[in-house]
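Please model the complete structure; the sequences and the hints are all you need to start from.
Just so you know, the sequences run in chain order C and R. Okay, so the first sequence: first residue is 14 according to this note's numbering, each after it adds one. Okay, so the second sequence: first residue is 14 according to this note's numbering, each after it adds one.
Mixed in with the good hints, there may be bad ones.
For chains that are exact copies, the list does not tell them apart, and a pair is met inside one copy or across any two.
Distance condition first, Cα-Cα at most 30 angstroms in a straight line; then the derived DSBU-like pairs of lysine-lysine [what the hints assert, rightly or not]:
| # | residue 1 | residue 2 |
| --- | --- | --- |
| 1 | Lys258 | Lys300 |
| 2 | Lys290 | Lys208 |
| 3 | Lys123 | Lys153 |
| 4 | Lys315 | Lys208 |
Just so you know, these hints were derived from the structure itself, not from any lab.
There are 2 protein chains.
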Amino acid sequence: MTVTTTSTPVPDSRPASAAGLISPVRIAVDCMGGDHGPAVTLPACQAFLARHPDAELILVGLPEAITPAQGWARTTIVGATEVVTMEDPVEVALRRKKDSSMRVAISQVKVGADQAAAAHACVSAGNTGALMAVARYILKTVEGIDRPALATVVPNQKDGFTTVLDLGANVDCTAEHLLQFAVMGSALVSAVDGKESPTVGLLNIGEEVIKGSEVIKQAGELLRSTHERGLINFYGNVEGNDIFKGTADLVVCDGFVGNVVLKTSEGLATMFATFIKQEFTRNIFTKLAALVALPVLNRFKKRVDHRRYSGAALLGLRGLVFKTHGSSDALAFEVALNRAYDAARHRLLDRVHDQIAATLVSMPPEAGSDDSADVGQAA
Amino acid sequence: MTVTTTSTPVPDSRPASAAGLISPVRIAVDCMGGDHGPAVTLPACQAFLARHPDAELILVGLPEAITPAQGWARTTIVGATEVVTMEDPVEVALRRKKDSSMRVAISQVKVGADQAAAAHACVSAGNTGALMAVARYILKTVEGIDRPALATVVPNQKDGFTTVLDLGANVDCTAEHLLQFAVMGSALVSAVDGKESPTVGLLNIGEEVIKGSEVIKQAGELLRSTHERGLINFYGNVEGNDIFKGTADLVVCDGFVGNVVLKTSEGLATMFATFIKQEFTRNIFTKLAALVALPVLNRFKKRVDHRRYSGAALLGLRGLVFKTHGSSDALAFEVALNRAYDAARHRLLDRVHDQIAATLVSMPPEAGSDDSADVGQAA
Chain C
14 MTVTTTSTPV PDSRPASAAG LISPVRIAVD CMGGDHGPAV TLPACQAFLA RHPDAELILV
74 GLPEAITPAQ GWARTTIVGA TEVVTMEDPV EVALRRKKDS SMRVAISQVK VGADQAAAAH
134 ACVSAGNTGA LMAVARYILK TVEGIDRPAL ATVVPNQKDG FTTVLDLGAN VDCTAEHLLQ
194 FAVMGSALVS AVDGKESPTV GLLNIGEEVI KGSEVIKQAG ELLRSTHERG LINFYGNVEG
254 NDIFKGTADL VVCDGFVGNV VLKTSEGLAT MFATFIKQEF TRNIFTKLAA LVALPVLNRF
314 KKRVDHRRYS GAALLGLRGL VFKTHGSSDA LAFEVALNRA YDAARHRLLD RVHDQIAATL
374 VSMPPEAGSD DSADVGQAA
Chain R
14 MTVTTTSTPV PDSRPASAAG LISPVRIAVD CMGGDHGPAV TLPACQAFLA RHPDAELILV
74 GLPEAITPAQ GWARTTIVGA TEVVTMEDPV EVALRRKKDS SMRVAISQVK VGADQAAAAH
134 ACVSAGNTGA LMAVARYILK TVEGIDRPAL ATVVPNQKDG FTTVLDLGAN VDCTAEHLLQ
194 FAVMGSALVS AVDGKESPTV GLLNIGEEVI KGSEVIKQAG ELLRSTHERG LINFYGNVEG
254 NDIFKGTADL VVCDGFVGNV VLKTSEGLAT MFATFIKQEF TRNIFTKLAA LVALPVLNRF
314 KKRVDHRRYS GAALLGLRGL VFKTHGSSDA LAFEVALNRA YDAARHRLLD RVHDQIAATL
374 VSMPPEAGSD DSADVGQAA
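Here you go:
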């Protein structure tokens with residue numbers, strides 16, 4: 014990789030106090046990731062810089078592709094010679110493309126003995142499996158975490174967000190994994206959404222504690238005892254509909270269920286949108302009705318616009334990585350940059366570390382500890 | 014229980030040939046089940062009888078509650094002295110209320126050595142856990158089936174239905190259970206929706222065969238080999254969004270995932286409906302827009318009306334039982350009666366029996382066979 018610093022130099026300005034906010038916040042961007050690459054990522058970065066005067070960016074990409082960013086204020090350009098495509102298998106991203114923009118961008122957040130941290134977080138729209146695998150390989154997991162998790166937000170009926178994790182990286186989870194998700198997710202919500210003690214719901218098929226599979230029942234017990242020790246704010250079991258009701262700030266489930274929940278919701282939302290469009294374009298009368306209803310429909314559309322919920326966090330790594338959907342447009346990518354900025358600024362990494370450390374005190378040794386996790390399972 | 018036959022007597026008119034349609038079709042109705050009881054079930058029954066000249070009903074309930082049905086054509090009234098409430102635990106329904114309308118209605122479909130079958134199917138809006146447990150206790154499972162499953166339909170983008178099972182009765186399923194669901198679900202779709210060789214999708218977190226948990230991968234192999242033997246029409250893995258896309262006629266998953274899928278979809282649909290209503294009632298201008306858009310919005314509403322998808326089937330029992338949501342209104346209850354009618358008319362029970370028998374030929378002995386299934390887990 015080649016580094017070209019343009020305009021302002023980038024000092025390491027992390028304050029020593031873990032309690033204070035980080036400023037300036039420096040974010041590494043994989044400019045080549047996603048379906049659209051620099052055509053989307055660069056405009057998003059420009060808008061992001063304009064909105065955050067204390068933000069700095071490290072733009073990573075093929076030098077010829079990111080030349081438009083030459084000369085931007087608060088921006089460092091780092092070259093990479095390869096690009097991980099949306100179709101590349103995990104193995105290719107991990108073992109062959111060692112100078113990919115994805116890998117170089119992730120490396121910017123690596124804190125090592127030999128290397129000061131260059132960036133506080135990394136954002137990519139690249140393929141999920143590859144991103145999870147490379148991030149895990151480069152950054153390693155936080156002590157006490159077996160498997161990194163992928164957390165996203167969905168809108169809820171209270172006009173807020175519900176954070177859901179895990180989302181497809183971890184199948185066959187143990188109760189301990191679900192507890193880890195709860196702890197990391199709580200840290201995320203407190204850092205990004207500013208809720209100091211977010212409520213945690215355990216996704217189940219009924220509210221009663223006797224419901225669910227063996228793993229879920231065990232997870233319920235673990236979460237309750239962790240709650241009693243004051244380390245998380247466990248609400249109890251929640252059901253699928255509670256995700257959109259906003260019953261708990263955070264909903265924890267294994268990656269299989271989380272992935273199905275997210276994809277099912279996407280599918281239903283798409284069907285609704287298709288049906289509404291079909292009904293309003295059926296004939297001249299319905300088209301006229303559409304004209305009249307357009308401002309209202311647009312307000313509705315804005316409320317459920319998935320781009321507003323962009324920016325899934327990879328939690329449990331020794332560095333912050335956020336990912337957006339491969340099909341993200343500039344708005345969606347900018348939202349992800351904002352989330353990464355908020356997370357870094359409020360020291361999400363330290364929070365995860367502290368909460369995990371506190372939770373592990375007096376925890377029984379983990380039966381289900383498994384370092385050969387199914388990274389790259391996510392679709 | 015007391016039997017009062019009013020008007021036409023009910024002969025056992027099942028044709029001997031398994032290939033032919035059953036006519037007349039006789040359905041036992043738990044008139045007391047659900048949030049509304051006879052206020053909903055009786056009008057639904059009346060409408061159903063008017064629509065199906067070859068249908069006969071056996072109405073079961075507290076005698077004083079179902080007197081309005083006295084004198085109806087093609088109707089038998091059977092008294093019961095107890096009612097299973099929506100809050101009753103499974104144990105109460107199963108062990109204490111032995112003369113409940115639910116239990117007496119289910120008993121009508123029991124085919125025993127000492128008792129000719131009185132009804133071809135039973136419909137109840139009563140509490141799911143109780144209904145599953147009582148139906149299983151009274152009717153027993155079909156040979157080769159470890160656990161009865163609950164199957165429902167949801168609308169899809171092709172303006173058709175996708176059948177999903179299991180829906181909450183069975184957690185911790187084995188690959189063999191998922192195969193049984195596929196076989197029973199195929200029989201249901203062919204009987205009720207008239208598709209002779211419905212496609213079966215296995216709900217997973219990616220299309221590739223290497224995706225998913227160990228159980229899912231094993232289930233994929235079982236389904237593929239059963240497909241190769243020509244016994245089911247296996248499409249392959251499907252994802253959450255495929256349910257509403259209509260990629261496969263039938264989507265198979267364990268009861269935990271199925272319950273979460275259904276509840277999540279209900280939650281999202283409710284949120285959408287709430288948001289649309291809020292936007293259209295925001296001020297005088299949006300209310301005027303709503304007036305203009307009303308016919309279009311109503312058409313949309315009708316397409317996604319959950320009442321059209323009423324009538325979940327309990328599969329794998331030696332008798333047909335259909336259940337509707339406790340909050341069903343007369344339309345939803347009538348839709349469930351129609352589904353039970355179609356299933357009985359097209360000999361769903363024989364189809365399940367035949368398909369299961371064919372599938373079991375040359376199947377390895379079941380490792381995961383477990384007759385102590387978690388009946389009553391459904392919320």
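**OP:** Since the copies are identical, ignore which copy is meant and state whether Lys315 and Lys208 lie within 30 angstroms (CA to CA) inside a copy, between copies, both or neither.
**Re:** within (24 angstroms within a copy, 40 angstroms between copies)
Original post:
Is the C-alpha distance from Lys258 to Lys300 at most 30 angstroms within one copy, between copies, in both cases, or in neither?
Top reply: between (32 angstroms within a copy, 25 angstroms between copies)
Subject >> Up to 30 angstroms CA-CA - Lys153 versus Lys123, copy category >> reply: within (9 angstroms within a copy, 60 angstroms between copies)
Original post:
Is it within a copy, between copies, both, or neither that the alpha carbon of Lys290 lies no farther than 30 angstroms from that of Lys208?
Top reply: between (37 angstroms within a copy, 29 angstroms between copies)
Checked against the numbered hints above, the structure violates none of them.
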